[in-house]
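**Student:** Listed below are the residues making up each chain.
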Amino acid sequence: MANPVSAHTINYALENAPTQHVVWYYLQLGIRHIIPNGFDHILFVVSLCLLSTKIKTILWQATAFTVAHSITLALSMKGILLAPSAVVEPIISLSILFVAVENILLTRLKPWRVGIVFMFGLIHGMGFASSLNEIGLPRNKFYTSILSFNGGVEIGQIAIISVTFLLLIVPMGRKPWYRGRAVYPLSAGIGCIAAFWTIQRVFFT
Amino acid sequence: MKKKYTYTILLVFVGFCLCSIFWKYKNSESTSYYLLDRKGAVGDSREWQLTRNYATSLLQSLKKNPSDVKPSLALVAIFIQEARVTGNYVYYDKAAMKYVNNVLKTDPTNFDALTFKALIYLSQHHFADGLAIAEKAKEINPYNAFIYGMVVDGNVEMGNYDSAVANSDRMVSIRPDLRSYSRISYLREIYGDYPGAIEAMKMALAAGAPGDEGTEWTRIQLGRLYENTGDLISAKMHYTIALDERPGYAYAMAGLARIALASKDYAMAVSYYEKANAAVTDYSVKEELVEAYKLSGQKEKADVLSNDVIETMSKDAQSGKDDENIGHYADRELAYAYLKINDYDKALEHALLEYNRRPGNIDVNETVAWVYYCKGEYAKALPYLRVALKTNSKNPTLRSHAKLIYEKLGEKNYE
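Keeping their order, the protein sequence lines are chains A and B. Counting from 1 along the first sequence, just add 103 to a position and that's the residue number in the numbering used here. Counting from 1 along the second sequence, just add 104 to a position and that's the residue number in the numbering used here.
Careful, some of the hints might be misleading.
Stated by the list, open to error - Stretch by stretch, here's where chain B covers chain A in the computed footprint (C-beta under 8 Å, at least three residues):
id	segment
1	112-118
2	143-151
3	181-190
4	193-202
5	236-244
Claimed, not checked - Cut-off 27 Å, straight-line C-alpha distance, at most; resulting in silico cross-link-like pairs (BS3-like, lysine-lysine):
id	chain 1	residue 1	chain 2	residue 2
6	B	130	B	168
7	B	450	B	419
8	B	143	B	168
9	A	213	B	484
10	A	181	B	240
11	A	157	B	108
12	B	484	B	450
13	B	512	B	494
14	B	507	B	450
15	A	278	B	106
16	B	484	A	181
17	B	444	B	403
18	B	240	A	159
19	A	213	B	106
20	B	107	A	278
21	A	159	A	213
22	A	181	B	130
23	B	403	A	157
24	B	107	A	157
25	A	213	B	107
What the hints assert, rightly or not - Computed Cβ-Cβ distance ranges for the label pairs, DEER-style:
id	chain 1	residue 1	chain 2	residue 2	range
26	B	246	A	237	53 to 63 Å
27	B	212	A	242	41 to 51 Å
28	B	341	A	237	54 to 64 Å
29	A	302	B	136	47 to 57 Å
30	B	152	A	222	35 to 45 Å
31	B	212	A	262	39 to 49 Å
32	B	453	A	142	34 to 44 Å
33	B	273	A	142	19 to 29 Å
Hint data in this document are derived by calculation from the structure and do not stem from the laboratory. For every residue, glycine included, the Cβ atom is placed at its ideal position computed from N, Cα and C.
Modelling step: build the complete structure from the supplied sequences, incorporating the hints.
**Tutor:** So this is what it looks like as structure tokens:
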């Protein structure tokens, strides 16, 4: 693993920028990191919504995911936790595959599911860090920028959850055919994409 | 029951993938690096034979004693030199970084290892990190001229030109040689003093042994200075001498190609560039070849090469994320590459990425200003252009870009 001198790339240009500019910049960056650039994260979040139609189930998973990725994002940017993309990226695709297949196998939230989502959240956080590192952070506004980025990621996730809710769960969630005609095919589709990524990232890169 | 089986298969698959990921990563960590075959005439030289034999013997001693510092550092020096000769920085920087990190694991304050690490970071365009390591090494040994060179380079790239000048003065006072004179020349050029830059580069050239890669590189730089001042005859003479001293030298051929291009001899320019491109892996040569193809009416070839350059540069940048290497920042080069295919949004994205890392550097500011100009956003170009002109550089590209931007803003006599 490389040991750069600074824990993160330094964004020198933003060190002299006003705080509101920094907040806006990283907030937008966080949103863009999910919509439209984070197709794999979008699939993961959609998969979290497919397990059950209960809002509580989705919230439990989304919270576990958020807490986990926030922890590793901060630790990675501080240089406390370092993981290469060669390890992180395949595990991210593997996490999507796992959650998608589990949606077909489970009908309601099991305690381990939240734990697994939390574990995968830790890995996704390292993925966020790797992308954020390319842009860099201003040293004098480290926490402001990282919190703003995280805020942007949350906005992106909430948008994905809301759209899934409005377009899928609200109109179809109570239908008897919901799982058979919506959850299974969607989860299978997501699973196939994730399986392709997993094989590609593990064996062909 | 069926679900139970599926679940088991899923868990087995996940476990297998996880094991493969970690096994593959561990394996990549223990990869040994060798010298790759050289392309073109430089591959037949006696110097290459000696270098290859020496590298083989170093690798053998490392096999016997992997923690031996001396052969590790000697190997690093060879990899760094080979990167320069072949232009294959992606492979050789990675190789050099591996052995440097091995040394620093056992001896974190090893001066030579820190110096090499600074050099690799600078080569990978991680200028802030390179400068920080060089400063650390300078603290350990403040009487070594070479490390001052790294500090000068890092400061130049980060746009700290005053510090660069102070350190180059110190460097030349410790050791007046090819390296220190050539840095003085570069700084004089940055400050717009072309006669002074030529004078210093001549001194650098006189301090080197003819035929050495370093000396001929310096000769090419002297030729480039003549080129920038419009003295194409002197430039051509130096490129020809370099090619004579070092047959097949890619940068000499690229220099002669530029001279042919200036004389509108496009067929000759393309021929030189193609030979240079075959001998070295260097984006700047490829970019110039794209231009030569365009001027000679070979648009299709230009487009293919342009896209190839973008793809390779992006891949190189990505490759660093996937392994021990930290990756090559090539955003400024990518910005220009995207400009060539008229993708202004991507060009701006990359120009600003580079600007965020080094907002004081005049070349980076010139790039951002030029991208805004190409996008037709002339007022946005202005603040960047002002920074680009802060050292009063007389670089012809910068000056012509500045003139065009100021004209669009209604200022005819900006100087």
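**Student:** Go through the numbered hints given earlier and state which of them the structure violates, listing their numbers in rising order.
**Tutor:** 2, 8, 9, 16, 18, 23, 26, 27, 28, 29, 30, 32, 33
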